[in-house]
Each structure stands twice: as C-alpha cells, then as structure tokens.
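A.B. asks: Taken in order, these protein sequences are the chains called A and B.
Residue numbering for the first sequence follows UniProt numbering, starting at 1 and increasing by one per position.
Residue numbering for the second sequence follows UniProt numbering, starting at 1 and increasing by one per position.
In short, the hints are calculated from the structure, not lab data.
It is possible that some hints are incorrect.
As the list claims (entries may be wrong) - Some residues of chain A that are not near chain B, with every Cβ distance over 10 Å (derived): (1) Thr63; (2) Val89; (3) Pro392; (4) Val410.
Claimed, not checked - Quick list of the computed label-pair ranges, beta carbon to beta carbon: (5) A:His229 x B:Ala111: 47 to 55 Å; (6) B:Ala111 x A:Asp65: 47 to 55 Å; (7) B:Arg134 x A:Glu266: 17 to 25 Å.
What the hints assert, rightly or not - Derived coverage of chain B by chain A (criterion: at least 3 residues anywhere in the stretch with Cβ under 8 Å from a Cβ of chain A; other residues may be distant): (8) 45-54; (9) 80-88; (10) 93-104.
Idealized CB from N, CA, C, for every residue including glycine.
Chain residues, written in single-letter form:
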Amino acid sequence: MQRKPVLIAFILLMLTCGLPLAAQANTPSLSLNGFGTLGVVHSDEDQADFVSSMLMPRGAGHTSDWSAEVDSRLGLQLTANLTPRLSSVVQVVTEQQYDGQFRPAIEWANINFDVTPELSLRVGRVILPVFMNSEYRKVGYATPWVRPPLEVYRTIPVSSIDGLDVSYRSRIASATSTLRATYGQSDSTFPYTDSAMGRATAEARAREGLTIGNTVEQGNLSVFAAYSHYRLSIEDFNPLFDVFRMFGPEGDAIADRYNVDDKSFEVISLGARYDPGNWFVMGEWAQTSSRTFLTDNRGWYISGGYRLGAFTPYLTYANQRIHSQTSTPGLSQPGSEALDAMLNSLLQGQPQQKSISLGLRWDFSSSMAIKAQFDHMNHEGGSRGYLVNSQPGFDPGGSVNLFSLALDFVF
Amino acid sequence: MPSRLKRIGCGLLFSLASSMAWAEVVVVVSAHNPLATLTRSELADIYLGRTSRFPNGQPATPLDQGESSPIYATFYREYLGQTPTQVKMHWSRLIFTGRGQPPRSLAGDRAMVDFVAAHADAIGYLDDVHIDERLRVVTID
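Please model the entire structure based on the sequences and the hints provided.
C.D. replies: Now the structure itself:
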C-alpha cells in the first residue's frame, strides 16, 4: 500500500537532482539533502541476533557474524520552500524493514505553514517527538554515537505519525522555548518469534496519539520534557486472549489485564544536554505504562564526551528495568498450563538490561565521521535483552559484547 | 646584550600581536539597519536558526562565508564558541526535520560587503579591513 507514494517521492527526488538547488529566501526553491550510515556490527553471542530496532528481524550474531543490516541506512530529503511561509518536506529512508529487506519508506511527508514566525502548523506524515533526539535519531552524523541508546530509544521505535503538528516558539528572558503538540495515528509492522519458534509478524496500531513536548534552550543548556498518550492495539495477539476468555470471568480478567486491544499507552520522557564546546554531557529518562503484556518500563542513560580536535571519545551508561510484574499465576486451572506458560513467556520476553558503551568519533572530513563503539550489555532478570531470533542454544540472562564501526555522512 | 635582544624580541612579539589584533573578524549589517549591538546569545540565536528576527522585530537574514574558509572557523569560535563540526552537527539536526536551512554562504569578504550593504535585513561577518561607509559594525557583548 505504501509502494506508490514511495515511487512518486523517488521520481521527484530523481527529477530534482538535475535542477539547480537555489537557496534564495523569497523565491520558491527546492533543496535536496541526504544522510546515511554505512555500519557493521559484531556480536559475541552467536545463538541470537542483535538488532537496533524492534522493527527489524535480522541482525548480528546468529544471522551474520558481522552484520551491515543493523545500522546502515540512507535518507534523502526534498525540501520545497514554496513561499516564505509555506514549505513542504518529503523524506525517504531506506533501511532494513520488518521482513528483513532493505526498502525505502516514507519517513516524513508534510506541508508546513508558518502562521506567524513563532507559530507553525504541519499536516501529513510528521515527526513524533517522543524523545529528546527523536527528530534526528536516524541521522547518525547528528549524534555522537553509532546508535541512540536502546534502553530509551527502543521503547518507541516509530519516529513519525500521520496527522498534524503545531509548534510554538517563544522567548523567556534569554531562553528559547519550543512547545510542540502532535496528534495522529500510526501503524507499524514488527517481527516476532511465535510460540512454535517460527518467524511471524504483527501489526501495532496507535490511534488518537497525542504527544506534547517542550524544549527549552539557553546558551549551552537544553532541557526537554514530553508526554505521549496513544490507544494501542496489536490484534494479532487477540486470539491468545480469546482462549483465556473461554475460561469464564477469571479468564476475562486476565485478558482485560494483559491484551493489547485499544489500550491506553503512556510515555513520559525527560532529557537534558549541556554542551559548552570542548565537552558534552546528556541524559534521558523515559517511562512507559499500560495495562498490557508489554509491561511497564523505565529506561535511562547518561552519556558524555570530550572533543580533542577531530576526535571525540565518549562513554555511555544505560539501564532499562521493568517495574510491573513479569510473571502471573495465570488461570491455574486444570488444562490451562500451556496457556499460562504462553502468557508468562510474553511477559518474560520483555527486555531488561544495563549497558556500558565506549566509543570514539572521528570527524575526518567536513561532512563525514567515522565511529567505533564497544558495548557491553548485561541482560537482567533472565531476559533476552534486545536480542531477537534466539536459537535453542541461547541462554537468557547473560551478557553480550558488541563491536561496531560506522561511517556517517550528510550532504 | 641578552637583555637587549629580549627587549627587541618582546617588541617584535608585541607589534606582531597587535597587528594580528587589528585584523579582526567583525559582525556587520547595512548602514540602513539601525542595529548597533547584539548580545552573544542573540547573535547565536540568529546564526543557529533559533530566530529569524533581530531583537527589534525586523526580519534577519544571516550570511556565512565558505565553510572551509579560515574566517568561518574564526567567527564561530570567537563569537559562538563552536567548531565547524559542531555547527555542521547542529544543522544536520535541523535540516532533516525540515526546521531550517543553514545561512546562505557567500564567497569572500568582498561579496559579503556588497551583499550586506544592499540588504537591510542582512547580517554578516568579515575581516575589519574591508569595512566601508555602507556598513555598520555591530558591537557584540
């Protein structure tokens, strides 16, 4: 269903490659920009795959010793400034999709109208600003790391929503405040391993999605806070809960507690960054809550780096914990053991981990950087962490080391 | 003898330092623009795309010199405390969200003088030896 707009966007991009890209302020203009990452990652765990997003099925470890599919992507963006107040952005990102194929998908496609210089309105596929670095989480060049810390960024893998976005910028003394509200819906297909250890996909639908976020910048300091609320459904899991319902009121109670059928899903996130030039430190904290089998999570990270000319060594510590029950007695009726076990395996499949990452970014050219990063991840509470595609020989609750190399560029 | 050499050496160093100090990067607007001073944070807001207006509410169009020119690095280091890489990272955060494009880039001080002189909304920077009566130097404090 998405194939046609992608094709049109590509044709548009190709057509405009040949046009002179003017940057005049008052005449209509088109600009083409791009970003990309060519990255490889090695994992020392060969019985499961490390992936950078829950939307991808193939990664490093079991599928490939060194995987180029985890971090590599290419983004192309066409910005049309139609009048000084009206502009349009189309961004197409090619990366690994839910079926393991590299395919372009429309990340953003919207029309922006500046009602006043401070107030702007966007309609279309717009940014979903759940976290501090959400807007450029796929632009490797814009961040110090090989990938944003998964303990926070994995929780909401989606970075766009179909709907509208209102942004209001104001000044409070010498600080700039940007208040943004986004409303809309999004569908995303994600891969998972079913109870028969087979590969399956499911669709998560977020409806009535409202995100309100505020960024305050003053000098070298930037502070961010956001609240998001969605009505989330993953219908593919309903059949399991329908079986629970056959066990009467007790089964109904379990289904209502753990299913993902038009359930309220909340995210609260906070972040701050201080960057005086020679060094930087930033951190984020995020909490998700819902009455579903997805459990309630808290994740946070703190990251800092020091700039020595073209080299930036950095260190990150991150942690994600579940703060709701990860097991349930289930129905505990005769014959319900297999069903209870399935529900418990869903609950235990939710990740808990802490990690420490050490890396070096080298800005060897004006629009390119090379990064090398070592990650040590500890899987807590017997979880699989963020590993997918685990094999019978996999032992949960252990630790995994990763080594990543990435070339990031912008143009 | 050694002390005299030292004196000469010091004098040479002094004159070198002062001649370097004369070749300064200054921020300019058109003489038709009433703007006389900006704070460092106001200048940073204009150059980093956080505002498109001068403090008096008039539209502001910032202009850059070539990204690889020494004056570009000097301007961003002295007035914004940032390296060219940091500036590039900053813009890569805004461009890919459609929230802005970096300032238009002009090739050299002469082009800067002519453009700023002809546009009341323009603000630029150049080596102060190129200043003429069509421009006003903005005091940055």
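A.B. asks: Does each hint hold? Answer for all of them.
C.D. replies: Here is how each hint holds up against the structure:
no. : hint                            : in the structure
1   : Thr63                           : holds, 29 Å
2   : Val89                           : violated, 3 Å
3   : Pro392                          : holds, 42 Å
4   : Val410                          : violated, 5 Å
5   : A:His229 x B:Ala111: 47 to 55 Å : holds, 51 Å
6   : B:Ala111 x A:Asp65: 47 to 55 Å  : holds, 53 Å
7   : B:Arg134 x A:Glu266: 17 to 25 Å : violated, 58 Å
8   : 45-54                           : holds (count 5)
9   : 80-88                           : holds (count 7)
10  : 93-104                          : holds (count 8)
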